[in-house]
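Now for the letters of each chain:
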Amino acid sequence: MGPLLSLSQFWFLRETVAVVEAAMALPPPDPQFVLRGTGAPVNTLHFCCRNQEQDKPLLFSGSANGAVHVWNLRTRRTESVLEGHGGASVLWVQTLNSRDALISQGRDLRVCMWDLAEGRSVVTDSILTESVGFCQCSLLDREGGHWLLAVPGADMAAVRVLDLPSKTPVCTLKPDAKLGMPMCLKLWQPDSGSSPLLWAGYEDGSVSLWNLSERSLLSRLACHAEPVMSLDFDPGKLRGVSGSSEKAINSWTLDGQQSLKLQDSVELVNPGISYLCIREDRRILATAGWDHRIRLLGWKKLKPLAVLQYHTDVVQCVAFSDHDVPSKRLMAAGSKDQRISFWSVYNQI
Amino acid sequence: MDSGPLAVHLAVRQCINTLSTSRDITEVTEALRTAGRYLSGTEDDPPACQREEFARAHYTKLLQFLISNLNAHWLELLTPEQHMDLWVSLFLNGPPDQVLLVLLDCVNSCSMSSGLERGLDVLEYFLQRGRLSALLWATCQGPPPANSPQLRDALLSRLVALPDLLANRLQEHTRPAFQPLHYYPLLARELSVALERTCQALREEMFGVLVPCLSALTQSDFVWKRVCWQLVESVPDRWMEGVVSGLVQTVDGSAALSRLLGNVVLKNKKAQFVITNKLLLLQYKYKTPMLQSLLGYLAEDSGRRPLLIQVLKALCGTWSSCSAVKHSPIEQQLYISKALLICLGLLRDSEVLEHREELLQCMLSGMQCHLDSSIPRVHHLGKVVGESLSARLDPGGTRLQFQYELDTETKELLSLLSPPPAHQQPPETLPPDSRTEPAPKSPSSEREEGKAGVPAARPIKQHSSDSELDSDDELTPYDMTRDGELGGALAPRYIRDCLEALTSSEDPGKVEVSLGAAEGLIKKNPAATREVSVELVKVLLHLEDRFNTQGFLRLRQRAMVSLTVTDTLAVTGYLTTEFYSLNYSLRQRLDILEVLALAAQDLSQPTSANSAPSKHKPPPLIQPVSTETAPDLQGTGQHWRRVVDQRIESKTRRFGKGAPRTGSSAAPSRFAPVAGCFFFPLLRNYDRPQVTFDLLGSDHLVLGRLVHTLGVLMYFAVNAPVATQMGKALLDFVWAIRYHTDPVVRQGVLFAVSAVLLSVPNERMFSELSDEMLEARAWLGDVAEADPDADCRGLAGQSLLLLEKILKKSIGSPSRGPNDQALQL
Numbered sequence: 001m002g003p004l005l006s007l008s009q010f011w012f013l014r015e016t017v018a019v020v021e022a023a024m025a026l027p028p029p030d031p032q033f034v035l036r037g038t039g040a041p042v043n044t045l046h047f048c049c050r051n052q053e054q055d056k057p058l059l060f061s062g063s064a065n066g067a068v069h070v071w072n073l074r075t076r077r078t079e080s081v082l083e084g085h086g087g088a089s090v091l092w093v094q095t096l097n098s099r100d101a102l103i104s105q106g107r108d109l110r111v112c113m114w115d116l117a118e119g120r121s122v123v124t125d126s127i128l129t130e131s132v133g134f135c136q137c138s139l140l141d142r143e144g145g146h147w148l149l150a151v152p153g154a155d156m157a158a159v160r161v162l163d164l165p166s167k168t169p170v171c172t173l174k175p176d177a178k179l180g181m182p183m184c185l186k187l188w189q190p191d192s193g194s195s196p197l198l199w200a201g202y203e204d205g206s207v208s209l210w211n212l213s214e215r216s217l218l219s220r221l222a223c224h225a226e227p228v229m230s231l232d233f234d235p236g237k238l239r240g241v242s243g244s245s246e247k248a249i250n251s252w253t254l255d256g257q258q259s260l261k262l263q264d265s266v267e268l269v270n271p272g273i274s275y276l277c278i279r280e281d282r283r284i285l286a287t288a289g290w291d292h293r294i295r296l297l298g299w300k301k302l303k304p305l306a307v308l309q310y311h312t313d314v315v316q317c318v319a320f321s322d323h324d325v326p327s328k329r330l331m332a333a334g335s336k337d338q339r340i341s342f343w344s345v346y347n348q349i
Numbered sequence: 001m002d003s004g005p006l007a008v009h010l011a012v013r014q015c016i017n018t019l020s021t022s023r024d025i026t027e028v029t030e031a032l033r034t035a036g037r038y039l040s041g042t043e044d045d046p047p048a049c050q051r052e053e054f055a056r057a058h059y060t061k062l063l064q065f066l067i068s069n070l071n072a073h074w075l076e077l078l079t080p081e082q083h084m085d086l087w088v089s090l091f092l093n094g095p096p097d098q099v100l101l102v103l104l105d106c107v108n109s110c111s112m113s114s115g116l117e118r119g120l121d122v123l124e125y126f127l128q129r130g131r132l133s134a135l136l137w138a139t140c141q142g143p144p145p146a147n148s149p150q151l152r153d154a155l156l157s158r159l160v161a162l163p164d165l166l167a168n169r170l171q172e173h174t175r176p177a178f179q180p181l182h183y184y185p186l187l188a189r190e191l192s193v194a195l196e197r198t199c200q201a202l203r204e205e206m207f208g209v210l211v212p213c214l215s216a217l218t219q220s221d222f223v224w225k226r227v228c229w230q231l232v233e234s235v236p237d238r239w240m241e242g243v244v245s246g247l248v249q250t251v252d253g254s255a256a257l258s259r260l261l262g263n264v265v266l267k268n269k270k271a272q273f274v275i276t277n278k279l280l281l282l283q284y285k286y287k288t289p290m291l292q293s294l295l296g297y298l299a300e301d302s303g304r305r306p307l308l309i310q311v312l313k314a315l316c317g318t319w320s321s322c323s324a325v326k327h328s329p330i331e332q333q334l335y336i337s338k339a340l341l342i343c344l345g346l347l348r349d350s351e352v353l354e355h356r357e358e359l360l361q362c363m364l365s366g367m368q369c370h371l372d373s374s375i376p377r378v379h380h381l382g383k384v385v386g387e388s389l390s391a392r393l394d395p396g397g398t399r400l401q402f403q404y405e406l407d408t409e410t411k412e413l414l415s416l417l418s419p420p421p422a423h424q425q426p427p428e429t430l431p432p433d434s435r436t437e438p439a440p441k442s443p444s445s446e447r448e449e450g451k452a453g454v455p456a457a458r459p460i461k462q463h464s465s466d467s468e469l470d471s472d473d474e475l476t477p478y479d480m481t482r483d484g485e486l487g488g489a490l491a492p493r494y495i496r497d498c499l500e501a502l503t504s505s506e507d508p509g510k511v512e513v514s515l516g517a518a519e520g521l522i523k524k525n526p527a528a529t530r531e532v533s534v535e536l537v538k539v540l541l542h543l544e545d546r547f548n549t550q551g552f553l554r555l556r557q558r559a560m561v562s563l564t565v566t567d568t569l570a571v572t573g574y575l576t577t578e579f580y581s582l583n584y585s586l587r588q589r590l591d592i593l594e595v596l597a598l599a600a601q602d603l604s605q606p607t608s609a610n611s612a613p614s615k616h617k618p619p620p621l622i623q624p625v626s627t628e629t630a631p632d633l634q635g636t637g638q639h640w641r642r643v644v645d646q647r648i649e650s651k652t653r654r655f656g657k658g659a660p661r662t663g664s665s666a667a668p669s670r671f672a673p674v675a676g677c678f679f680f681p682l683l684r685n686y687d688r689p690q691v692t693f694d695l696l697g698s699d700h701l702v703l704g705r706l707v708h709t710l711g712v713l714m715y716f717a718v719n720a721p722v723a724t725q726m727g728k729a730l731l732d733f734v735w736a737i738r739y740h741t742d743p744v745v746r747q748g749v750l751f752a753v754s755a756v757l758l759s760v761p762n763e764r765m766f767s768e769l770s771d772e773m774l775e776a777r778a779w780l781g782d783v784a785e786a787d788p789d790a791d792c793r794g795l796a797g798q799s800l801l802l803l804e805k806i807l808k809k810s811i812g813s814p815s816r817g818p819n820d821q822a823l824q825l
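Taken in sequence, the protein lines are chains A and B.
Residue 141 in the numbering used here sits at position 141 of the first sequence, and the numbers go up by one each step.
Residue 29 in the numbering used here sits at position 29 of the second sequence, and the numbers go up by one each step.
It should be emphasised that the hints constitute simulated quantities derived from the structure, not laboratory data.
Don't be surprised by glycine CBs; every beta carbon is placed ideally from N, CA and C.
Don't take each hint at face value.
With the C-beta cut set under 8 Å, the calculated list includes, among others, these residues of chain A facing chain B [unchecked claim]:
hint, residue
1, PRO31
2, GLY39
3, ALA40
4, VAL170
5, LYS174
6, TRP188
7, VAL266
8, VAL269
9, GLU280
10, GLY298
11, LEU305
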């Protein structure tokens, strides 16, 4: 009798708390600060905040006018502006292990490697991608100063994988079925297997998993009716999420037989996801929406948590900072309205 | 109080004292108020005997005092309201004969001064407020006073000679109201009012005394009942109508009526005719309670019930007769509908079953007539009665259902059905008024529902509780209520994009935005608009409100109007051709007419090239008829600007601010050169009936609008060279349909005629249209007198007035035009 009673009381308390919470839900937070001055829509963001003690925290932003801005997050000013793509829109930026080596992809069909050490800003090398699409590259760090880079290929449907810094092609992945152009890529090194894998979202709305060493398609899941705009994968739970121009976000799982299954779907108010990103602690999923809003969802259950409204145009990218102290990890969002907003959300645990 | 006369005497004396000596305004007003209380006080304040005493002995004295103090200083101190309420009302509320005599004496004795002016003011009020009829009525009433012959003679001579008296005294300063031209018609009117009151009073007195008495006596006493019946039955035929209709009007309730009348309706042919025919079908001035008691009387007795059925059939016949619906005045139709509904309420179910076929027939044909009518009230009436009929015919089965507003008239009509046929209570227990109230059943039943509803609170959501125990709910969600739909598609920037979106888009937001942007785009780039104008107007004309867009009709209409204004020749050519072509709905044809009229208005108004803000624009003469108004369509954009402007205006000081500049610089009318393109094609094909469109046949609503629109076009073509030809053509056209059966068409015709009168230059009118004008004058006179529709009569009267004015003017100064007159319709 006793435990039963307390259980029911517990349930009742929870319910009460939930009701009170629902009634007193806090208004969504405002941005911590906003960076302006890119002069063009912001396409991509990349944080570089480790080793705070020695170095200043940086943010790299690539914008549609071909410039990569290096922002100092302490002074909130531009450190430098890198112009290496001849005015063609920069789709993607990433650092290679340290803050001194940067890689950027532009719509001039080139991927540039930058040397930023000691105040230099020189393009040391570049790769011709031959892809005219908007698909971003993906980078995977391998031991021994090597990286794998997945690049959309010259052939519309193909994905090339290169070894960096040697630039030797590892493989070219081309699906047999007609899936259309690749829209988004993500390289993944599973803990167990030795062979790296590649996630690719295609124009026909399907998400595919490729084995790089066997050059084979491991699994394919048609999870959207429209092109997949962005995907992210959580290697811990073997669970991924993808967004398209539809009104829904879908999450899917990878089971032991390496096959993909649709798991969950969250309906959105407005259609269109341009980018989505799981935070490093795997608790929060952030989406950048065509409806000018950033949405936060709990990653476990895809429970909607917040809708952040600040931007006045399509939000194109979100990124979480890699700050050493978890409570200081900010979220940044870049939008077509040429602003980068910074948010502090769900950090206080 | 036996010292009544003394008290009055003292009070009046005190008043006069105060008024003549006091310099304090509050004392003066108090004194005036005291005196006024004897004339218009409440029930008991001054007792009735005191009031009589005052009127008899002191009123004249008081008036004479007031008149002799017309120049008193305190008169200046009164505010205008006080002047009216306290001082003037003393003259207007008292016995009118004394007032008239005193006032005329004053006019004779006073010299020209401001005091005399005041006296004349009062006299004018006296005439205006109908005190003459009060005077006449007062002399008709009651026994003649003791000094009657002299007083009467004096009064009579003054009444008759009032204009002469005043003119003698005032010479040329006499006022218009006192001139014979105004005074004698007034006197005649007042005479007729007094006569009518006398007649009415004689009748009322007779029945007012007799009926309650008889009604009370017959209630318990059978002998009295027999006496009454005998009395009524032996009334000679010539007087039967007066007796019966008087009785019916005064008796309270059907049971009393049946006690008084007995079965006279079965025994006397004349009485039967009056009751079953004259009071119901021929006259319609009686009130609803009378109808209820009359029909209740017929239903009360089994012997009289066949008459009720007969009455019902007759009512049905009238109600469902097309010609009655078309030609009888709306008040009569309302009366008949009321009677029909009361009959339905009184019928037993078995009787309904017995006569089901006939009632059904009546309902079907009657519904058609009513729904065909273009007068909204008739339409409405048809819906209400039809619905009730069908509900009565098939209580459980399918029934007609219409959408209509529940206004007071509808409620009254529906309440007439409420005495249930089984519930044949004598109305002593149920006064006639209480029948019209809704059945008192609903509140209690609501309460019961409420009781049941309270304990059954909303079921508590349970399903979500356990699954969340292990989930990420330590992350508290923020408020997400603001996460609404994004504001739709982007507005098109080019007219061609707009056109494409309207033709092919399936996206509601895009269509809505395109429709909203259309007017602006059309105006922004006239050259681009001209390339696609006809195509676009075609699309707009056929556009359907697929997505229930807010303000759809208005947006579409504005777009079409601005298209017409931008590319007048092509678009009017298209629209006027399409008006007569096949396969358009009535709505579309009406839309075409509305667009043409509004475009004509836009074109005829002077434009300022720098597009002045709409603040100074005069309100448009034509208001869109569509009920759907969308005030916030431009509101969001314009609102802040208006607020800012107002604020600036309020903070701005201007020195020597002159008259506001009207800013209407002269510009050639844009409508004058193209008026013919609007006008003549619409006149071309009206007499060619088509499969879907028969203008001279059943589609008289469109015909009415067409004539009206032609009138509007005519009106805007004022000063255009083509106006004379247009007027001639329009008169020819409307001549053929001037006796159309539908009042809407006749109203349109009258409007068109007055538009012709206003727009065609005078000299041309008499040189070229003289025959038509003469005919029109005769016809207008005819309509103004005899048309069954009140609006038509009014319009005809106004047109006639206009015509006479033009005639007079053109005879006086043949060179001036009538164009500065406003259209007063």
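Do the hints match the structure? See the list:
1. PRO31: With a minimum Cβ separation of about 14 Å from chain B (threshold 8 Å), the hint on A:PRO31 is violated.
2. GLY39: violated (23 Å)
3. ALA40: At 20 Å from the nearest chain B Cβ, A:ALA40 fails the 8 Å test, so the hint is violated.
4. VAL170: violated (38 Å)
5. LYS174: For A:LYS174, the interface hint is violated, since the closest Cβ of chain B sits about 36 Å away, which is over 8 Å.
6. TRP188: violated (23 Å)
7. VAL266: violated (12 Å)
8. VAL269: Interface hint status for A:VAL269: holds (5 Å vs cutoff 8 Å).
9. GLU280: With a closest approach of 15 Å, the A:GLU280 hint is violated.
10. GLY298: holds (4 Å)
11. LEU305: holds (5 Å)
Hints 1, 2, 3, 4, 5, 6, 7, 9 from the earlier list are contradicted by this structure; the remaining hints agree with it.
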